[in-house]
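Enquirer: Chain by chain, the residues run as shown.
Number of protein chains: 2
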Amino acid sequence: MSLTKQKILKAAVDLFNQKGYVNVSIRDIASSTGISVGNLSYHFNTKAAILENIYQQIITERNSLLSGIQLIPTVKTIHEQLSPIIGLYQKYQFFYLDILEIIRANPKIAKLHRTHIQTQIQYIKAVLDYSVETGNMLPESHKGQYQHLSHTLWMLLSFWLHQQKIRAKEGNYLHEARSAVWNLVIPYLSDKGKKNLHTIYEKQYTISNPKS
Amino acid sequence: MSLTKQKILKAAVDLFNQKGYVNVSIRDIASSTGISVGNLSYHFNTKAAILENIYQQIITERNSLLSGIQLIPTVKTIHEQLSPIIGLYQKYQFFYLDILEIIRANPKIAKLHRTHIQTQIQYIKAVLDYSVETGNMLPESHKGQYQHLSHTLWMLLSFWLHQQKIRAKEGNYLHEARSAVWNLVIPYLSDKGKKNLHTIYEKQYTISNPKS
DNA sequence: GTCTATAGAGTGATAGAC
DNA sequence: GTCTATCACTCTATAGAC
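Chains L and B, in that order, give the protein sequences.
Plus 11 on top of the position in the first sequence (first one is 1) and you've got this note's numbering.
Plus 11 on top of the position in the second sequence (first one is 1) and you've got this note's numbering.
Everything labelled a hint here was simulated from the structure, so no lab data went into it.
Check before you lean on any hint, since a few could be wrong.
Copies of the same chain look alike in the list, so a pair counts if it works inside one copy or between any two.
Straight line, CA to CA, 30 Å or less: simulated DSSO-like cross-link-like pairs of lysine-lysine [to be verified]:
{"#": "1", "residue 1": "Lys-119", "residue 2": "Lys-16"}
{"#": "2", "residue 1": "Lys-21", "residue 2": "Lys-122"}
{"#": "3", "residue 1": "Lys-203", "residue 2": "Lys-154"}
{"#": "4", "residue 1": "Lys-122", "residue 2": "Lys-176"}
Take these sequences, add in the hints, and give me the full structure.
Expert: In structure tokens:
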């Protein structure tokens, strides 16, 4: 990809994150890149084309992130791996914040993203199942329990920034989102799992309380 | 409030729910109401004025709903009261779905809604605390646990429709949102609480599984 | 109260010179 | 590849007749 194309995409992501997808015009992107509208349109025919390229970028980054991950999830590795995952949600936050508008206007991305979400939830479920096997989590107490939990965990991660924006809470995004995840999981941890989690947070008083 | 004003607000809510707040023009609202743009502007100076009136309507309905509620929450009354609350999220879904765009463009509503959310979370917390007193829920196992849980419950309720739209799942909104709430709470229920919950769902196999 | 007509500022996208 | 100029359109809001 040409340098100009890369610069356009970078400027676009920054602007989208700042003002929201629908509030950024191709004029804004052009001037922020330092080129003319005509030139921008030469590189990307439409605004949708820019979005599609960014989405490809998101998928690529996420895949390379997941492929680099330890296959044996322990409490510690899960804790550490949450960091880059949450980081992606932040880097391309406009996509997750404005997802409803985006899929309304772009059926192609809508479909891709839908299966992507499905994959993510199943990935979480697999980590939970494996944690049962390694004795960090208790077995399901009723059928479907961990499917539900996976779904809620996904919601927590993918809407965390959204709720933070709405409530105008500024705190440490990574830290708080990760705390919320662990607090949700705690009741399902075995004694072994709890002990492992405690080791991670031992330097702190406890898993941080929400700021009410 | 004049009949015309009421008709405008009703048409506006319907259109906002269908197409999303930003995608509805005052022309759309006028023609859907069956009046001219000029006439619409006579009744509401700006699009923001329409939104503010709708927001007032939401608050009024919610207050009258909460004031009519049993003060002694049991598992059964909580279950029943979830229905009208979830119903409100559905009736004014555009507000919750497009909340980010709405607060971006309307600081006044942003501030009101922020304190409103705060109240809701504290209300949930109060219900949990009371449920501990009545023996339906276990005492907190660590400080801040139920504050966290209240927050997550609020997220689940307020983003449920959002995730449903994104994932293009059509199922029964009330039924599924309520199941998600109970599934989140189950690990914290006492034996008494579990028994009471079981009574409610006894005609079903179990609390419904998510559709994967 | 209700209408038509229009101002004025945006938008995405394109034509055509260099 | 890059630019300027412009088309064709949509939007909110208002002016002024009835």
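Enquirer: Identify every previously stated hint that the structure contradicts and give their numbers, smallest first.
Expert: Of the numbered hints given earlier, the structure breaks none, since each of them holds.
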